[in-house]
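> Sequence:
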Amino acid sequence: MTRTGHIILGATVRALGAWPSGWRYPGAHHDPRDDPAALRSAAIAAEAAGLDFLFFGDWLATAEEYELTDPYLLARIEPLAAINYLAAVTGRIGLVATINSSHSEPYAVARATASADILSGGRVGLNVATGAEIRSARNFGWEQVHSDSDRLASGGELIDLVRRLWDSWEDDAFVGDAESGVLIDPRKLHPTDFVGHHRASTGPLNVIRPPQGHLPVAVAGGSTNARRLAVLEADIMLTAPRTLAEAVASYATAKAEAAAVGRDPSQFILLAPVLPIVGATREEAWGVYDTLVALVPLEGDTDRTLPANRTLRSLSSVLGIPVREVLLDEEVPVRTAARFSELGRNILQAVRERSGRAPGSARGVTFRHLAVAHAVQAPIIVGSYEDVADHLEAWFTREAVDGFTVLSAFLGEQFEAFTTLVVPELARRGLFRSSYESRTLREHLGLGAPSNIHSTLPFITAYQ
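Numbering (our numbering), first residue to last: 31 to 494.
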């Protein structure tokens, strides 16, 4: 079956890289004080490639242990500030910012995002995160986190209310008749008068309706309740299937669920993350990956306390054999590999797919490669630009996803390798456009223009 349309491609921006020690790679961006220049360079490269959007996640706490696990969480520019900065240095690419619904007020969110959409010419999207953890909660004066169901219901009301606030002014509410002195048509300014179980606002918003009407809204569908929220309210569901078969099944189910609640499935977009490690050749990509593997601190490399999944004890448990006395950089004997547990064999297969290494081959497997494959379980694809394009094409044409949020091991060389090698290859295959064909983010995503809530039937939220 030939699938029409093109792959949706966005880049998830993590200034210190999506690989735990990617910042250590020679030439990689590694200093948050230089984030403005790094973000600007990444945005210009992404727009030159024609990517649909840049995506800025968020986390509302910091801690020293993130240095070893997720360095990009240590210190980061607030997402709305980042997209407003980049809106001034770009002209076509979409810009998606994350807010956490547990710690955000709908009126403030609607006002900031509508303003950003106006200033960018209709290029802003909103990712509504509903997750919670105690460290972030305490930064907002909470001593406990709310239940999953309460947080998601509250998040649903926030989305409902923000959209109603965006629609406070009808598109032609400003008359601007200098001769008569009439500036506005008061019939086209609407109060909100929204009272839900978790949210309330009188409105109206003191910002005109955004150029897109409603900014595209994304929600991560990681749990049953989050998936329901996405199906009901989101334009984009962020999903993370582990295999192609799982992705195909999940995609079909999600589209059917959208249809069942009266939505057009084509207006409900599913995006999955991917972390490509790209080279001009497969061997070049393997070399980049091997370097990244060597940069991940493991037990024996340092006296510092490491995450539990970076110890030889943890590796022994997943391989099903004792490896406490091995040297990390020695090769795994064929006879030893034959004794691995099923989980150990899965890790061995992951190493083979990422690095071309196999026990007893010219490119043998080291215990370090096994330990890193166990510790870093991201959706990693290693290979030439053709290999990476093959992967994206297979998932798209099999209707496993509508597109991808592309992570980069580090900003700099690897981000540029994706934009200058993989994207043009997708365009050559007819899977991605060669240049922008639209102006707004909604248009990039193939989303229709939303009607003003106040000009349709009375609005009733599903969460009241």
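Bear in mind the hints are in silico, worked out from the structure with no lab data behind them.
Keep in mind the model is a prediction, meaning the values are calculated, not measured.
Ideal placement from N, C-alpha and C gives every residue a C-beta, glycine not left out.
Errors might be hidden in some of the hints.
So the derived label-pair ranges between C-beta atoms look like this [said to hold, decoys possible]: (1) Ile214 x Ala138: 21 to 27 Å; (2) Leu274 x Arg168: 38 to 44 Å; (3) Asp207 x Gly252: 33 to 39 Å; (4) Arg369 x Pro295: 33 to 39 Å.
Under the rule of at most 16 Å between Cα atoms (straight-line distance), these lysine to aspartate or glutamate pairs were calculated in the EDC-like manner [stated by the list, open to error]: (5) Lys285 x Glu314; (6) Lys285 x Asp88; (7) Lys218 x Asp201.
> Are the hints correct? Go through all of them and say.
Results of checking the hints against the structure:
| no. | hint | verdict |
| --- | --- | --- |
| 1 | Ile214 x Ala138: 21 to 27 Å | holds (24 Å) |
| 2 | Leu274 x Arg168: 38 to 44 Å | holds (40 Å) |
| 3 | Asp207 x Gly252: 33 to 39 Å | violated (51 Å) |
| 4 | Arg369 x Pro295: 33 to 39 Å | violated (48 Å) |
| 5 | Lys285 x Glu314 | violated (39 Å) |
| 6 | Lys285 x Asp88 | violated (27 Å) |
| 7 | Lys218 x Asp201 | holds (8 Å) |
When the structure is compared with the earlier hints, violations turn up for hints 3, 4, 5 and 6 and for no others.
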